[in-house]
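Q: Residues per chain, in single letters:
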Amino acid sequence: GAGVSQTPSNKVTEKGKYVELRCDPISGHTALYWYRQSLGQGPEFLIYFQGTGAADDSGLPNDRFFAVRPEGSVSTLKIQRTERGDSAVYLCASSLPGAADTQYFGPGTRLTVL
Amino acid sequence: AQRVTQPEKLLSVFKGAPVELKCNYSYSGSPELFWYVQYSRQRLQLLLRHISRESIKGFTADLNKGETSFHLKKPFAQEEDSAMYYCALVGFQGAQKLVFGQGTRLTINP
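Note that the protein sequences, when read in sequence, are chains A and R. Numbering of the first sequence is given in my numbering, commencing with residue 1 and proceeding in unit increments. Numbering of the second sequence is given in my numbering, commencing with residue 1 and proceeding in unit increments.
Each hint should be verified, as a subset may be incorrect.
[To be verified] One-sided and incomplete, this derived list gives chain R residues near chain A with beta-carbon spacing under 10 Å:
#1 Ser40
#2 Gln42
#3 Leu98
[To be verified] Covered by chain A, per the in silico footprint, the following chain R stretches (three or more residues, Cβ under 8 Å):
#4 43 to 56
#5 100 to 107
Think of the hints as simulated: they come from the structure by calculation, not from any bench. Glycine residues also receive a C-beta, built at the ideal position from the N, C-alpha and C atoms.
Can you make the complete structure from the sequences, with help from the hints?
A: Here it is as structure tokens:
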């Protein structure tokens, strides 16, 4: 079946602009995760959804970052007033409920803030 | 605090030589440990987990709770093993997130 998909694959924006990154999880996976991977680093956790609700948003760096999952499937990560330091690859993963040990990753969105 | 440390950013070995990628962790409870791999132009994927005690693509990893280590080993490296390798943990105390190390880029020379 289809894996986790993310769009766009690349996004270039200017400092101060607003961006939205989309994640489409594997069908039937109620758990969804966002991670951020800066250059030369491992992925860092941002937020975890179980169904429609954010069960853990402790990794969001500040209030410019927000994520939604209104129907329990597709999720959108939203970044307001982007800064150059937001440049990174944003990864999405999904899993069956309670199966954080079996996460399937998408290809990522490379965000570049000029 | 949960932390995963991979002390080597780069590791280069010759084909047929043994490989060991180091991973140390800090966690107050009993975490589950994993190795993820990312081949060139591919997405991050699970290589193996300590619970299943299996060998995948010739790789094994043993959890050493005394040394808080989970090193990845392969007795005879192959060129197709060249990739980025990430060690990660999931805590059992309700946290539903992976904590990753910085990663090690493994290059197998012919």
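Q: All hints are to be evaluated individually against the structure, with a verdict given for each.
A: Now the hints, each set against the structure:
Because the closest C-beta pair between Ser40 of chain R and chain A is about 13 Å apart, greater than 10 Å, the hint is violated. The criterion of a C-beta within 10 Å of any C-beta in chain A is met by Gln42 of chain R, whose closest approach is roughly 8 Å, and the hint holds. The closest approach between the C-beta of Leu98 of chain R and any C-beta of chain A is roughly 6 Å, which is under the 10 Å cut-off, so the hint is satisfied. Beta-carbon proximity to chain A at under 8 Å applies to 6 residues in the region 43 to 56 of chain R; the threshold of 3 is reached and the given coverage holds.
Judged by the Cβ-Cβ criterion of 8 Å, the region 100 to 107 of chain R is covered by chain A as claimed, because 4 of its residues qualify and three suffice.
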